[in-house]
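Top line first, the protein sequences correspond to chains L and G.
Going by my numbering, 247 is the number at position 247 of the first sequence; the sequence numbering is gapless.
Going by my numbering, 161 is the number at position 161 of the second sequence; the sequence numbering is gapless.
Please note: incorrect hints may appear among the correct ones.
[As the list claims (entries may be wrong)] Below, a list of computed lysine to any residue pairs in the SDA-like style, where the Cα atoms sit at most 25 Å apart: (1) G:Lys478 - L:Leu99; (2) G:Lys315 - L:Arg352; (3) G:Lys469 - G:Lys140.
[Said to hold, decoys possible] Residues from chain G shown here face chain L by an in silico Cβ test under 8 Å; the list is partial: (4) Ser318; (5) Asn322; (6) Thr394; (7) Glu417; (8) Phe532; (9) Ala558; (10) Leu561.
Keep in mind that the hints were calculated from the coordinates and are not lab data.
This structure is a prediction, so every number in the text was calculated from the model and none was measured.
Cβ atoms here follow ideal geometry from the backbone N, Cα and C, with glycine treated the same way.
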Amino acid sequence: MKRYDVIVIGAGPAGLAAALKADENGASVLLIEREAKLGGILKQCIHDGFGLTRFNEKLSGPEYANREIEKIKKTGVSINTLTFVTKIEKNDDSFTLTLVTRDGIASVIGTKLILATGCRERTSRQIFIGGTNPSGLMTAGAAQYYINILGKMPTKRCVILGSGDIGLIMARRITLEGGQVLGVYEVKPTPSGLTRNIVQCLDDFNIPLHLSHTVTKVFGCDRLEAVEIAEVDEHMQAIEESKHIVACDALIISVGLIPENEIAEQLKIAINPKTKGPYVDQTLMTFAPHVYSCGNSLHVSDLADYVSESGELAGTYAAKSIQKERDLQEIEIDSHLMYFVPSHLDFKSPTRQVIAYFRSAGEYENATLYIEHDGKTLFKKRYLHLRPPEMERIVFSLSPDLAPATVRVYLEVKP
Amino acid sequence: MMKPTFEKTIAEISRLYPGVRTTIKDGCLLLEGEMEKWDEVVKVGYIAAQAKSEGVINNIKLKGYTPEPMRISSIQDSEYDGLKCDALIVGGGIVGTAILREFSKYDVDACLIEKENDVALHASSRNDGCIHVGMDLSRKTKKHHYLRRAVQSYEQLAEDLGVDYVKHGQTLVFTKTLAYLAMPFLFSAARKKGIKGVRLLKREELLKREPNIGKEAKFAVFFPEGAVVSPYNMVVALAENAIENGGRVLLDTAALKFEVKDHRIISVKTNRGIIYPRVVINAAGVFADIIAGMAGDQFFSIHPRRGVEMILDKKAASKSVNSTLSFYAGNSDKKAHTKGGGIIPTVDGNTVVGPTASECPEREDYQTTKEEIDALFDKHRHTLPSLSRSDVITYFAGIRASTYEEDFIVRRGKWTENIIHAAGIQSPGLTAAPAIAEDIVKIYEMVSGEKLAPKKQFNPTRKSNRLLKELSVEERDKLIKSNPDYGQIICRCEEISKGEILDCLRRPLKVHTTDGIKRRIRAGMGRCQGGFCQQLIVQIMAEEQKALLTEIKKKGEALILLDDNKGGMR
């Protein structure tokens, strides 16, 4: 049985970056991908805007992925595509993975594991839309695959539910391909996507964005024929009098992403309900020793650049860590924060620099973020504007003599 | 002579609903008129049924409502024009396919027509897959008779057909200690009904077996015969095995008109030509009364009863139940005409929660509503306190083909000589169907006056499409080495390979839609609901069936892809 220092599961931006860094730090690395090609979801993201921080350039998704793929080809990383991890078992000092491949069932052993399994889209059923379940009811990612990979139109006249980034990107894409987007409907009073996408994908194409509106019902037995739209009140309940029918041939759903952690769950790794990804420390190690999590399976990022960065962190630490014992302390967050990653700090770790990502729970102006340890402020940063859709990144450090204690993170919000 | 109960019932109806005209038609009660509310229309039907006539024909119209016509295929051709057969089965659900397979054991030319482009598209795929034990059924009913007969041999049938059958038992939970006093009666009733192995579970044992159920549970009765199958796989298997033994399944073919002369059916007009059968078997589900009417033999009415069920993620299995479980709800269930509903672990490891029950005039309206989903949560919150919206991966509606007598109809025609009805088959129809099919063949012999000779070469077994992931590593490895497509995973949630999808497309009953693949081998049935794999399945299907991507259908006649890209705005 082949044995590797580090096995990376998933070859999207996180997995590619993790494998590259683990290799760079001297580990023998196996990168496992279930699809035929590397790059993950980037393959179908042909719009630009990728790589502004990582490469200082505006790239398309495939271009961004290709830069990483070209790099990895020059390394000693072993790559298994069309390979599906069907089972993971924990041994005393390693993990045995059972793989399904076109050559048969294979097993490999890894000392450390990096989970870079990405995320999936919430479906129409998970938001309990009523009515029928016809053809034409699809997620934005599926529509994106049909149009960008297969070159086929799954719709000619659609409604988009959810103002998440993929939904916005698809509104523009469908319009460019001659389809008609009747409107983007968002149940919340504020958009879910990045401001730049609202401007570039909707405003520039005169596509209306209806805030505080949702789709309550889908019509059509075999093919979707219409949807029922309703305005919602402050409790997100549909207002009966506002209900009206919009005729269309598709409803494209962009209502959020869920980190894929089925493999983590097989290893009984604790999942943070706030992020739906594993709890991790500053080295992105989960509660299970030697298992790391990164990218969108750790928490859903808005930019591929951040996904790559967390992959790099996981790859670096997985390759370098020789540490045996941990002293995990929780990072407590206040109600103004939606989440904060890492969720824990390991005070025994030699890694004292912490790269953290957070989202605010609401829209705030002139807010100040404080990180406190034992009553003392470790870090403080002022933000002119914070919005939940825009993830923030900060770097702070822990001095070597810091006593293990709960760290508190809070936002001071001016009323 | 008018039976006194008829008189009493007619008087009661005219007192309560003066607008309704009730007449006696050859032993049946015929209701006519117009009413404002559908619930009232149904209520009158039930009152009429108290007279124990040969059947209630409820022709009362709902004011301002025109029923949707039966949905049929857009295909109009003469593919089957002039076709002759001995038995023509109308309807490709569990009952119709069980009958076709039963006929395929004999030297007889049996043909099944189904209006959809696949079998099991209505009630037979829209249920919870329970193999019931029949505790709630009176021994006087046909439901009980056929269920008990079928239960005995169901496991063997499932094995022959290569369909998973999981006998995890049925647990009826009581929340009142006082109910304990009724147990001797329950056990005696169970014995009389022929239900085997029934035993009491004291609270401690119950909670050990079912640790996740509500704390109000005091004790339970366990019925070890209770089981589950995949209902659509059962139907597909019956159809495939019948085809392999010479039966014919004509899809996209709807019975539109019957030519009846001197109480005999001469021909059946379909959208694909006129068929000349010796005998017609009516297994048309919610349309059974309409088919009977076309044949001049309507002595009963179907009143559609909707039910909604939810399916939970396999991941929720550890906080779910280990047997088909329900809380005893007293007599209220009987009034609601459901089997009480419950929490059911499926053969595939998911959990089904349901069903609701509501009367509706529509026979094919599968819309679900927020209210119905909320009702399911309300109903089962006590049974399974951990029930969570985030575990729901999908939900669906089904429509029961109920008669006002609330019992199965398995008999030859009343007025028309060469029709046999298998009608009003609602729950427990999935369980009872194989036994019903046996009787239908016997009735066929009576009607046709011909003793059927068993087919020597009949092969009861069918090659299973059991999933590769359930095989041992060695077996799976061997299969992949013989065909690498078995090693390429397409559906990540359910771990289904390309090879399995191709096999499914090459089976005896042609698959026309991606939903057809989903029902057969679960590709697209997991938590992402096909979000990742439908795109790949469309390509595999197009390649295998030498079709364009823009010709691949999801369900019915609905395409997935409408056109090529335009190449941008110019």
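Now for the hints, and whether the structure bears them out:
{"no.": "1", "hint": "G:Lys478 - L:Leu99", "verdict": "holds (14 Å)"}
{"no.": "2", "hint": "G:Lys315 - L:Arg352", "verdict": "violated (37 Å)"}
{"no.": "3", "hint": "G:Lys469 - G:Lys140", "verdict": "violated (44 Å)"}
{"no.": "4", "hint": "Ser318", "verdict": "violated (10 Å)"}
{"no.": "5", "hint": "Asn322", "verdict": "violated (20 Å)"}
{"no.": "6", "hint": "Thr394", "verdict": "holds (5 Å)"}
{"no.": "7", "hint": "Glu417", "verdict": "violated (37 Å)"}
{"no.": "8", "hint": "Phe532", "verdict": "holds (7 Å)"}
{"no.": "9", "hint": "Ala558", "verdict": "holds (4 Å)"}
{"no.": "10", "hint": "Leu561", "verdict": "holds (4 Å)"}
In the structure shown, a violation is registered for the earlier hints numbered 2, 3, 4, 5, 7, in ascending order.
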